[in-house]
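K.L.:
Chain X: place on chain L using the hints.
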Amino acid sequence: MTDTREQFRPPDHPNEHFLLTTTVGSYPKPKWLHRARDLLEGEYGDVNFDEGDFQEALDDAARLVTEEHERCGMDVVCDGEMRRNEMVEFFAHRIAGYEFNGPVKVWGHNYFDKPSVVSEVEYDEPWLVDEYEFVADVATRPIKVPITGPYTLAAWSFNEVYEDDEALSLALADLVNHEVESLVEAGARYIQIDEPALAQREDDYRIVGECLERVVADVPEDVRIGLHVCYGDYSRIYPEMLEYPVHEYDVELANGDYDQLSVFTEPSFTKDFAMGVVDVHDATVERVETIKERIVKGFEVVPPERLTVSPDCGMKLLPRQVAYEKMANMVQAAREVETELDAGEIDLPASASAD
Amino acid sequence: MTRWERTSEAIDAVARATSADVVVHTYWAAFEEVTYAHLLDAAIDGVGYDLVTAPEASAEVAAEYGTPGSVALGVVDGQNTRVESPDLLRERVEWFEDRLPGAVDLDTVYVTSNTELFHLPVNRFEEKLAALGAATKPEATA
Chain L
1 MTDTREQFRP PDHPNEHFLL TTTVGSYPKP KWLHRARDLL EGEYGDVNFD
51 EGDFQEALDD AARLVTEEHE RCGMDVVCDG EMRRNEMVEF FAHRIAGYEF
101 NGPVKVWGHN YFDKPSVVSE VEYDEPWLVD EYEFVADVAT RPIKVPITGP
151 YTLAAWSFNE VYEDDEALSL ALADLVNHEV ESLVEAGARY IQIDEPALAQ
201 REDDYRIVGE CLERVVADVP EDVRIGLHVC YGDYSRIYPE MLEYPVHEYD
251 VELANGDYDQ LSVFTEPSFT KDFAMGVVDV HDATVERVET IKERIVKGFE
301 VVPPERLTVS PDCGMKLLPR QVAYEKMANM VQAAREVETE LDAGEIDLPA
351 SASAD
Chain X
356 MTRWERTSEA IDAVARATSA DVVVHTYWAA FEEVTYAHLL DAAIDGVGYD
406 LVTAPEASAE VAAEYGTPGS VALGVVDGQN TRVESPDLLR ERVEWFEDRL
456 PGAVDLDTVY VTSNTELFHL PVNRFEEKLA ALGAATKPEA TA
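Residue numbers (the working numbering), protein chains in the order written: chain L, 1 to 355; chain X, 356 to 497.
The hints are simulated quantities; they were obtained by calculation from the structure and are not laboratory data. Fair warning: this is a prediction, and the values are worked out from it, not measured in the lab. Possibly wrong hints are sitting among the right ones.
Stated by the list, open to error - Examples of chain L residues toward chain X, derived with CB under 10 Å:
#1 R94
#2 E99
#3 F100
#4 G102
#5 V106
#6 K114
#7 E120
#8 F158
For each residue, glycine too, the CB sits at the ideal point set by N, CA and C.
The following block holds chain X by itself, in its conformation from the complex:
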């Protein structure tokens, strides 16, 4: 068994053990192609992509190999205090969706940060959450 198969089986075992939705999210890079292909074989609900540090590579692998029904899009930089505008976050989401083949129909898009927000000062952490909330509100801006 290859290490990719082992990884896929391990994630599979975790995902099957819970009734919650399971999203496997990576950051600071995109999944490598082989890893990604095996990951899609696991019983997961979604995959997460870092669209802050690796947007191109993430979109490429998603376009090439497809996505599960749900995707998590890391569009807020979890490692920088610069607060993104809701417009910029929406642009990043739309950019990714536009890169997928036309037939793809996503069930759920989790709009989130690329990494955890734990290492930010509290005020910026809250402002980033607020920006995420605003970005997901329909017709939030003109």
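The shape of chain L in the complex, shown without the other chains:
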């Protein structure tokens, strides 16, 4: 497979080794952005605040968070999904065939506007190209575009029309492919497909595989494609998932204290491994030393040139300051591990140094 990773090494990268540092996607929204939405929706009565004002607030937030990612030194950044309210709703609002009937209770006391598919799904309006172009204009570093995968879009919707979720997933996969192609045309070089639903119903890995074949159809081979799967039993999709047409797998492991790390060592991992090294469900900021130890664990799975360092998952539920400090410590830890690798101070497992 083509090396899609080296293009993201910063020109001024200080070390010989390069551990690609990036984020999964979502980031805490500034409180004023929530307030701005409330203003737009009339929560504070009839005030002079229109759609244009709200778009300006979204632009400001996207700019701010992109720069916040850059400030902590991350190699590949994004805007923290400031324009997206939720990972299924956002897309369903833009896909013809979807309808919203109101919130349903999902977990704890959380509600979700779970949409219904009431007619065949069709591509209607662009989903993410505007978001991408704005970030590309603001950022000085390379960008990753997270996009919810077709299987999750199907699994987290009511399916009133298609024979089963597989049929709906495949129909949605063609639309995701359309959007990925548009993003690539606009200049995107790193796209992450988010399929958290796969971790809930691991036996459906075959459907996800078929979906991904459609999603990446006709995408140039130098475009890096990642797959994010979190909070599940990875042993049920490994090693089968290595056959997916993606370059990188982004998995959550810090939350479970790496109890599933060994899943990925037998048989050996043949693609790039993006490993969660900070826990997004714990507001304690991990020390740099702790994160370094976690990064070194990753070498049990892949050699340094195939390791990506990222948080477990989207960070949006954390306090913003905590999210920032976790990212900053993560980047510092990666740079220190690189320095130690350069100096030969880290003993790599035989499997990892064989490349």
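P.N.:
Chain X alone, transformed into the frame defined by chain L:
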């Protein structure tokens, strides 16, 4: 004591502790044969079947081993916003009854959803209840 006997005794203990009618309802599958046979030994008033996701298997086990005097028929899909018509619901009930041996005489048929309706949006929840109500009205349609 087998686990089926233990289950049957446990349900028995619950059922005997109340004067209310007790219906044991399962969903997302039919009862397995052994479980079902033991369940019928418990002091329950009725058994519920998921006729949305497991109609064939439910009807088979009911035809093979019989039913208590009352049955609950889960004919409304509690996991999908698509609202069933009263006609479709009546068809599902009649389909099940036709599968039972001729001699069976049911006291009560509870016409209901296969699962709880808790995870639906409120408007669809209400429309499904209305469809159930309409389906149970005699001569509701021509």
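K.L.:
Taking the hints in turn, state whether each one holds.
P.N.:
Hint check results:
1. R94: violated (20 Å)
2. E99: For E99/L, the interface hint holds, since the closest Cβ of chain X sits about 8 Å away, which is under 10 Å.
3. F100: Hint holds; F100/L Cβ to chain X Cβ min 8 Å, cut 10 Å.
4. G102: Because about 4 Å separates G102/L from the closest Cβ in chain X, which is inside the 10 Å limit, the hint holds.
5. V106: This hint holds: V106/L lies near chain X, its Cβ roughly 8 Å from the closest one there, short of 10 Å.
6. K114: K114/L check passes; min Cβ-Cβ to chain X is 7 Å, inside 10 Å.
7. E120: violated (15 Å)
8. F158: holds (4 Å)
The structure fails to meet hints 1 and 7 from the earlier list, while all remaining hints are met.
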